[in-house]
Structure formats: C-alpha cells, structure tokens
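Listed below, chain by chain, are the residues.
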Amino acid sequence: SQTIHQWPATLVQPVGSPLSLECTVEGTSNPNLYWYRQAAGRGLQLLFYSVGIGQISSEVPQNLSASRPQDRQFILSSKKLLLSDSGFYLCACSRALETQYFGPGTRLLVL
Amino acid sequence: GQQVMQIPQYQHVQEGEDFTTYCNSSTTLSNIQWYKQRPGGHPVFLIQLVKSGEVKKQKRLTFQFGEAKKNSSLHITATQTTDVGTYFCAGTDSWGKLQFGAGTQVVVTP
Numbered sequence: 001s002q003t004i005h006q007w008p009a010t011l012v013q014p015v016g017s018p019l020s021l022e023c024t025v026e027g028t029s030n031p032n033l034y035w036y037r038q039a040a041g042r043g044l045q046l047l048f049y050s051v052g053i054g055q056i057s058s059e060v061p062q063n064l065s066a067s068r069p070q071d072r073q074f075i076l077s078s079k080k081l082l083l084s085d086s087g088f089y090l091c092a093c094s095r096a097l098e099t100q101y102f103g104p105g106t107r108l109l110v111l
Numbered sequence: 001g002q003q004v005m006q007i008p009q010y011q012h013v014q015e016g017e018d019f020t021t022y023c024n025s026s027t028t029l030s031n032i033q034w035y036k037q038r039p040g041g042h043p044v045f046l047i048q049l050v051k052s053g054e055v056k057k058q059k060r061l062t063f064q065f066g067e068a069k070k071n072s073s074l075h076i077t078a079t080q081t082t083d084v085g086t087y088f089c090a091g092t093d094s095w096g097k098l099q100f101g102a103g104t105q106v107v108v109t110p
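Line by line, the protein sequences are chains E and B. With the working numbering as the guide, the letters of the first sequence map in order to residues 1 to 111. With the working numbering as the guide, the letters of the second sequence map in order to residues 1 to 110.
Read the hints as simulated data drawn from the structure, not as lab findings. From the three backbone atoms N, C-alpha and C, an ideal C-beta is built for every residue, glycine too. You may find that some hints are simply not true.
Some chain B residues close to chain E (C-beta under 8 Å, calculated; not the full set) [to be verified]: (1) Gln-33; (2) Pro-39; (3) His-42; (4) Pro-43; (5) Phe-45; (6) Gln-48; (7) Phe-88; (8) Trp-95; (9) Leu-98; (10) Ala-102; (11) Gly-103.
Ranges of calculated distance between the beta carbons of each label pair, as one might list FRET restraints [claimed, not checked]: (12) Gln-80(B) with Thr-3(E): 24 to 34 Å; (13) Asn-30(E) with Asp-18(B): 37 to 47 Å; (14) Gln-58(B) with Ser-1(E): 33 to 43 Å.
Whole structure, please, built from the sequences with the hints as guidance.
Have a look at this one:
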C-alpha cells in the first residue's frame, strides 16, 4: 500500500518569505496527487491536483503554485507568503476514481 | 458545479448515545467516501459506497448511500470517546472529481 511523506511537519515563516513544501509517495506508480489546505476547524479546500508529471490543475486563484517534477513528487510553493496562507497543508494521492490517501500534513504559520 | 453539504457542522454527544451525520450533494455521485480526522491528525479513509441504496457497517458505524445517489449518512451507535474527531464525506461526480463536505465535528462528553 502507498505511503505519503510530507515535510516539514511544522513551519513558521514571516510574511513575504518564500515557501516550499514537499510531498513524496511510495508504494504506487502514476498516482493522482493533490494539495489541500485546511484552516483551523474548517474543511478541506482543494488547491491543486496532478494526473501526471508536469500536469498541474489549479482549483482556486491564489499566490501559491504547484509542480510535479517526478512521478511521485509533488511540491507546493510560494514566492511571497501572506498571513492568509497559514493553515494545515495536506498532500493526498489516489488511483483514478479510487480512495484518496492523505499524508501527515504540514502546519504552516505565517507571522 | 457540484456541492457537497454536511450537517450538522458540530455534534455534541453523550457517551453511549447514538448520532447521525448527513451528507447531501447537488448532483448525482459516482461514489461517496467517508473519512475521519482525529484532532491534530490527518483525514483517514473509512469506507466507500458505490451502489444505490448501499449499506455498509464497520462495528458501531453504519454508512448508507441514498437511492438517488445524492445523499449519504453515517450513524454511530453507543458513542465512545474514541469517536471524537471530524467526519468528512466526499463525493465523486461523473467527471471523476472528488469534492469534500465541510465535515461534522464530533465532541463526546463522558
């Protein structure tokens, strides 16, 4: 079965600084990959999804971007963080219409 | 576009009581999935329902998929403190896109 790694686990960054969150997947090939953000006590907001290397779909306009340089690597980035970017960032993977499996997440606090 | 609504948003339950959380979609779903997120944790897959009218059980949890495949419910009997967390439903539409509901946050009082 697949295993999803995310790092860092927690991150405190000043406003205006860059961001790079990494997600890697083991135990599966050619997965669909997803980035979600969850504000405190709220639901999951889909940010990006990818069906293959170099293929990124953005769900909401924002100052974040995503890249998929390798089949099982998904990166979330920002050039300049905003206060509103604080939240719990979750990476997930799935095969086609099947279940999504989530990584442990990265808690980001922008000050 | 498809919207998945969950009610209630919060559920306070006395230990030992039963409760139900509901999930409704504005469009017909290919399948519906349920996830549980413990406080401080990440969502964990519980179950997937695919067939119209399907009912599945996991110990004290009973999941139903509506006949029209537009709604679902999760019923928990004899609630325990380990049931604390947020329960999300997620529906897959005909284009294969999965949309999560906002979740039902469950608090259990001993």
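(message) I'd like to know which numbered hints this structure contradicts. Please list them from smallest to largest.
(response) Violated hints (numbers, rising): 2, 8 and 14; every other hint is consistent with the structure.
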